[in-house]
Amino acid sequence: MHLAAALTTAAALLLTACGDDGDSPDTIEGADKGSKSPSPSDSASPRADRPEITLPAGFRAEFTGWTDSDPKTQAVLDDGKERLRGSYAAIGDADPEASYLSFYSARGARESGRKWVAGYQGLTIVGEVRVYDPQARLTGEGAATLFYCVDESKGFSKDLKTGKKEGTPKGESPKVQYRTALRKNAQGVWVTTSVESEPGGCR
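Using my numbering, count along the sequence shown one by one with no gaps and you end on 203.
Simulated from the structure, these hints should not be mistaken for laboratory data.
This structure is a prediction, so every number in the text was calculated from the model and none was measured.
Treat each hint with caution, since some may be false.
What the hints assert, rightly or not - Distance ranges between label pairs, derived from CB positions: (1) GLU97 - GLY140: 28 to 34 Å; (2) LYS161 - LYS72: 43 to 49 Å; (3) SER153 - GLY65: 15 to 21 Å.
To be verified - Dumping the calculated PhoX-like pairs for lysine-lysine here, alpha-carbon to alpha-carbon at most 20 Å: (4) LYS170 - LYS154; (5) LYS175 - LYS161; (6) LYS175 - LYS165; (7) LYS154 - LYS164; (8) LYS154 - LYS175; (9) LYS158 - LYS170; (10) LYS115 - LYS158.
Cβ atoms here follow ideal geometry from the backbone N, Cα and C, with glycine treated the same way.
Produce the entire structure from the sequences given, and follow the hints as far as they go.
In structure tokens:
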């Protein structure tokens, strides 16, 4: 499959507070079966009308442990989760410019997301991934980091013409750690500003 490779940014992940760059709007343990996105939780800002996101047919993402007792931290988890779901959905829709992906992205993450989706031209994704061990941390006023793991061992890319499936390249770990930085925009949405990935970074 390897989903991680195209998401790695050249710049180092910003672990300190990120300032507002003026962008407009570009959220649990349990199984996400590819249906429409659930309604935002009470931790999400009521000002933002969050988009519905539908995963590709034949693809499933299971999010394990994505809950926190702190509503502020939960809001970061919710929006970080939806940004990842939007990335998967954009591949299924073959739309690098998908509005729902831009809604949750800003700065370098917006461009890297477009390039990632464009790299799947003629392909879709099938199977399932498990997204686990999320670690969200507020790092300053309106700034946060979110690290999480994705097990891609049961996920595949599929050629739309031939039907051929490909998994993680031989010799590479299917368990990938993603390291993201986020900031809270004027609409109250935690948008992802940068993304790094490390294959083999998770157990």
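To see whether the hints hold, each was checked on the structure:
no.	hint	verdict
1	GLU97 - GLY140: 28 to 34 Å	31 Å, holds
2	LYS161 - LYS72: 43 to 49 Å	46 Å, holds
3	SER153 - GLY65: 15 to 21 Å	18 Å, holds
4	LYS170 - LYS154	14 Å, holds
5	LYS175 - LYS161	28 Å, violated
6	LYS175 - LYS165	19 Å, holds
7	LYS154 - LYS164	15 Å, holds
8	LYS154 - LYS175	11 Å, holds
9	LYS158 - LYS170	17 Å, holds
10	LYS115 - LYS158	18 Å, holds
In the structure shown, a violation is registered for the earlier hint numbered 5 alone.
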